[in-house]
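Once you've looked at the hints, dock chain C against the given chain G.
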Amino acid sequence: MARSTGEDAQALFHSLRSAYAATPKNLKIIDLYVAFAVFTALIQVAYMAMVGSFPFNSFLSGILSCTGTAVLAVCLRIQVNKENKEFKDLPPERAYADFVLCNLVLHLVIMNFLG
Amino acid sequence: MAAEPRWGSGGGAAALLLLLLVAAASICHAASNFLPVSDAHRSAALELFAPVDGSFGSLEETSEALQSFDILGIERRTNVRGSTCSSAVEVLGSSSSPVKDVFYALKVSSLLKCDVRQSQLEAIASRLKSVPSDASSLNDFYYSIGGLVLIKNQIPVVDVLLEDADKVFQAIKALSQSDGRWRYSSDNPVSSTYAAGMALETLAGVISLASNEIGQSRIDAVKNDILKLFDSIEKYDDGTFYFDEKVDGVGPLATTSSVVQGLTAFASTASGRVKLPEDNILGLTKYFLSIGIPGDAKEFFNQVNSLSCLENSRVSVPLILALPATVVSLTNKDKLKVRVTTALGSRSPPLKVKLVRAFISGSKDASVIENQELIFDSEGAFHILDLLPTSIDVGKYTFVFEIVLQDSEDAKVYVTGGQTKVPVYISAIIKIENAEISVLDSDLGSVDTQKKLNLGKEDDVSLAANHLQKLRLSFQLSTPHGHAFKPHQAILKLKHEKAEHIFLVGNSGKKFQDFLGLVEKFFYLSGRYDIQLSIGDAVMENSFCQDLGHVELDLPEAPEKAPRPAAQPDDPFSKYGPKAEISHIFRAPEKRPSENLSLAFLALTLLPFLGFLVGLLKLGVNLKNFPSAPVPAMFAILFHVGIGSILALYALFWLKLDLFTTLKALGLLGVFVMFVGHRILSHLASTSSKLKSA
Numbered sequence: 001m002a003r004s005t006g007e008d009a010q011a012l013f014h015s016l017r018s019a020y021a022a023t024p025k026n027l028k029i030i031d032l033y034v035a036f037a038v039f040t041a042l043i044q045v046a047y048m049a050m051v052g053s054f055p056f057n058s059f060l061s062g063i064l065s066c067t068g069t070a071v072l073a074v075c076l077r078i079q080v081n082k083e084n085k086e087f088k089d090l091p092p093e094r095a096y097a098d099f100v101l102c103n104l105v106l107h108l109v110i111m112n113f114l115g
Numbered sequence: 001m002a003a004e005p006r007w008g009s010g011g012g013a014a015a016l017l018l019l020l021l022v023a024a025a026s027i028c029h030a031a032s033n034f035l036p037v038s039d040a041h042r043s044a045a046l047e048l049f050a051p052v053d054g055s056f057g058s059l060e061e062t063s064e065a066l067q068s069f070d071i072l073g074i075e076r077r078t079n080v081r082g083s084t085c086s087s088a089v090e091v092l093g094s095s096s097s098p099v100k101d102v103f104y105a106l107k108v109s110s111l112l113k114c115d116v117r118q119s120q121l122e123a124i125a126s127r128l129k130s131v132p133s134d135a136s137s138l139n140d141f142y143y144s145i146g147g148l149v150l151i152k153n154q155i156p157v158v159d160v161l162l163e164d165a166d167k168v169f170q171a172i173k174a175l176s177q178s179d180g181r182w183r184y185s186s187d188n189p190v191s192s193t194y195a196a197g198m199a200l201e202t203l204a205g206v207i208s209l210a211s212n213e214i215g216q217s218r219i220d221a222v223k224n225d226i227l228k229l230f231d232s233i234e235k236y237d238d239g240t241f242y243f244d245e246k247v248d249g250v251g252p253l254a255t256t257s258s259v260v261q262g263l264t265a266f267a268s269t270a271s272g273r274v275k276l277p278e279d280n281i282l283g284l285t286k287y288f289l290s291i292g293i294p295g296d297a298k299e300f301f302n303q304v305n306s307l308s309c310l311e312n313s314r315v316s317v318p319l320i321l322a323l324p325a326t327v328v329s330l331t332n333k334d335k336l337k338v339r340v341t342t343a344l345g346s347r348s349p350p351l352k353v354k355l356v357r358a359f360i361s362g363s364k365d366a367s368v369i370e371n372q373e374l375i376f377d378s379e380g381a382f383h384i385l386d387l388l389p390t391s392i393d394v395g396k397y398t399f400v401f402e403i404v405l406q407d408s409e410d411a412k413v414y415v416t417g418g419q420t421k422v423p424v425y426i427s428a429i430i431k432i433e434n435a436e437i438s439v440l441d442s443d444l445g446s447v448d449t450q451k452k453l454n455l456g457k458e459d460d461v462s463l464a465a466n467h468l469q470k471l472r473l474s475f476q477l478s479t480p481h482g483h484a485f486k487p488h489q490a491i492l493k494l495k496h497e498k499a500e501h502i503f504l505v506g507n508s509g510k511k512f513q514d515f516l517g518l519v520e521k522f523f524y525l526s527g528r529y530d531i532q533l534s535i536g537d538a539v540m541e542n543s544f545c546q547d548l549g550h551v552e553l554d555l556p557e558a559p560e561k562a563p564r565p566a567a568q569p570d571d572p573f574s575k576y577g578p579k580a581e582i583s584h585i586f587r588a589p590e591k592r593p594s595e596n597l598s599l600a601f602l603a604l605t606l607l608p609f610l611g612f613l614v615g616l617l618k619l620g621v622n623l624k625n626f627p628s629a630p631v632p633a634m635f636a637i638l639f640h641v642g643i644g645s646i647l648a649l650y651a652l653f654w655l656k657l658d659l660f661t662t663l664k665a666l667g668l669l670g671v672f673v674m675f676v677g678h679r680i681l682s683h684l685a686s687t688s689s690k691l692k693s694a
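Chains as they are written, first to last, in the UniProt record's numbering: chain G, 1 to 115; chain C, 1 to 694.
Looking at chain G on its own, in the form it has when it is part of the complex (with noise of 0.2 Å):
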């Protein structure tokens, strides 16, 4: 049954890394950007862990820096994926415009709570 468990376990994970092969190369780039901020966020919790929340500030606008980038680039990343139908009509580059905007609002306000 064991055998069986991990047998199971690498035949999921084999079809889902070659579906995932089947995205497309741009979804593949912005699932690398949203990954990239994330363990960013995960080390600088790390370090906080370690050495404590003195500067706190400093901490939560790293931390919501990585935060809300990744969570922009999801969001870029559904209105740009052409499967999801409920965004046929909105261009790529519409979104992408957004994405910027939006990622440059959120580092200017992080730049101001950095200290």
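Heads up, some of the hints might be wrong.
Using 20 Å as the maximum straight-line C-alpha spacing, the simulated EDC-like pairs for lysine to aspartate or glutamate come out as follows [claimed, not checked]:
{"hint": "1", "chain 1": "C", "residue 1": "K690", "chain 2": "G", "residue 2": "D31"}
{"hint": "2", "chain 1": "C", "residue 1": "K298", "chain 2": "C", "residue 2": "D244"}
{"hint": "3", "chain 1": "C", "residue 1": "K692", "chain 2": "G", "residue 2": "D31"}
{"hint": "4", "chain 1": "C", "residue 1": "K235", "chain 2": "C", "residue 2": "D220"}
{"hint": "5", "chain 1": "C", "residue 1": "K692", "chain 2": "G", "residue 2": "E83"}
{"hint": "6", "chain 1": "C", "residue 1": "K470", "chain 2": "C", "residue 2": "D554"}
{"hint": "7", "chain 1": "C", "residue 1": "K431", "chain 2": "C", "residue 2": "D547"}
{"hint": "8", "chain 1": "C", "residue 1": "K452", "chain 2": "C", "residue 2": "D441"}
{"hint": "9", "chain 1": "C", "residue 1": "K618", "chain 2": "G", "residue 2": "D31"}
{"hint": "10", "chain 1": "C", "residue 1": "K167", "chain 2": "C", "residue 2": "D220"}
{"hint": "11", "chain 1": "C", "residue 1": "K498", "chain 2": "C", "residue 2": "E557"}
{"hint": "12", "chain 1": "C", "residue 1": "K352", "chain 2": "C", "residue 2": "E402"}
No wet-lab data here; the hints were simulated from the structure.
Keep in mind that this is a model prediction, so the values were computed, not measured.
What follows is chain C alone, placed relative to chain G:
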């Protein structure tokens, strides 16, 4: 008996009413003792009017000094004469000196008898005569008329008579107000009592200088003004009367003395006598005497000059009854002495002093002495009360005296003021008997320790007590006549190093003190307490504050919450010294992690970014969609440059800029980026839509 004032009409009823009012007023006055001018005044005058560099100052100050010396009968030093006379003559010689200076120069020269040529005086007289005809202010009238009167008194030969005296009189009278006060000039609406005094003096001068007689009706009008002015007289409780000015800067002394001067000057003219109530004259005299010895030269002059005006006036000369000593000792067998003199200290006419009654101050009991005549001692010019009856014991009394003039003619000239009330203290040595202090057991009331005390002499008893016992102190005080005496102050003090308590001994001369109740007050401190007794009173000649000895008190242990005595500082003044310094404790800064750790994590944070770039390469990112046509390419480049510059702006913002500059720059850059971005993205969109449709 008080002289009955006689009024022209209104007769007996008005006179009786006035008499009753006067009598009532005299009873309502508080008892007071006013001393006449004495040698102390003379020595004060010498000090106040000490000449500096051979002169007293300005001509006005010089005239005040000289007049004061004359009134008090002080020998004038002659070294002042030289320089003063020369400055006075200088002023008189110049035809452009102001009228005020001429007036004071004339006054000084007449006091010092300076050599002024008759021709000079004639020139001045003719100048002064011309002033009143076109003068508009009261000061001009005052100084010019005053100067003319001085010239007349000095050298009667010089012609100073006023031709148009009536017109001048009217001009001055025109400045008077309906309430008896005067204005300084026709354009100045302020009315002043001080000016009224000046005006009366000036009018008196005009009357004396008139070549033709001034009409009686005019003089009567002025008399009415005087009576109205006296309506505004004010009084203090002790029977002194004065005038006060509502205008700032002129005090009651100057105002009152101005009025007195003017009144006496006016009254001295033949038809100018005004019937004023006796009370007012005496009240004004007492006011001046109540000041004592003024410390200011001007005030001194005002006081002394006014008193001399009252004394030399033909109105009424006040007689002052004063006691040189108001404390009479029974033990020393003192005799009560009374002196009656004029205000300046001169002898009075022959008279008798009667003690109408004497009673204890503040009590409504019947008087202790009735109608006793005082014996006159011609050597010391005193009236002495020989025998104090045995009913007079120690205490504070009010003695009511009355002056009886022996010559009835004197009653028209002198004013005695009816009855005079004077406070008198009868003092004596008080006997202290049967003094003892004892410690009692509270339950049984039995005496534990009893010690006799020798109050008034040295005492050193030692007692011991615990908190369950009582302390009893008793003594008896009696006056020379054998009555029990209740002192004003009888205080017992128990004093420890660190605590003390003060008890008031009751009137009965006994003191019970229960130590149980005091345990807390003594802060539970057992030990040796010093006993101190103070007994005192104003009429007790042998008041004392004496250490009696000590008592060892055994008090129980203090419970935890008992109050502690305040820590006694070594130096009683040290509580005013600087307090302990407060050192501020600032919040310790947070511990920062070591630099290496922080740098390591910085590197670690950049790792995901590198991973992102590596991943991008692995994915096979390409720039195929980059437009090749020059214009769109340019826009594309500009777009990326724009975004890059915004990020650089953010970095600068974090490093050194403030929000406002950043926002300003961001506004500009944002607009640019939006424009460019719009162009490139719309180009890309159109390209891809063309591809799709194609």
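Verification of the supplied hints:
1. For the given pair, C/K690 sits about 28 Å from G/D31 by alpha-carbon distance, which is inconsistent with the 20 Å threshold.
2. At most 20 Å may separate the alpha-carbon atoms for a hinted pair to count; C/K298 and C/D244 meet this at roughly 17 Å.
3. A C-alpha spacing of about 25 Å is found between C/K692 and G/D31, which places the hinted pair above 20 Å, so the restraint is violated.
4. Taken as a hint, the C/K235 and C/D220 pair is broken in the structure, with Cα atoms around 27 Å apart against an allowance of 20 Å.
5. With a C-alpha separation of about 16 Å, the suggested pair C/K692 and G/E83 falls inside the 20 Å cut-off, and the hint holds.
6. Of the pairs offered as hints, the one joining C/K470 and C/D554 holds, with about 12 Å between alpha carbons and a cut-off of 20 Å not exceeded.
7. Pair hint C/K431 plus C/D547 holds up; C-alpha atoms about 19 Å apart against a cutoff of 20 Å.
8. Proposed proximity of C/K452 and C/D441 is supported: the alpha carbons are some 18 Å apart, at most 20 Å.
9. Annotation: proposed proximity of C/K618 to G/D31 holds, straight-line Cα distance about 14 Å (limit 20 Å).
10. Under the criterion of a C-alpha separation no larger than 20 Å, the hint pairing C/K167 with C/D220 is consistent with the structure, at around 16 Å.
11. Simply put, C/K498 and C/E557 have alpha-carbon atoms about 16 Å apart, close enough for the 20 Å limit, and the pair holds.
12. The hinted pair formed by C/K352 and C/E402 meets the criterion: a straight-line CA distance of about 8 Å does not exceed 20 Å.
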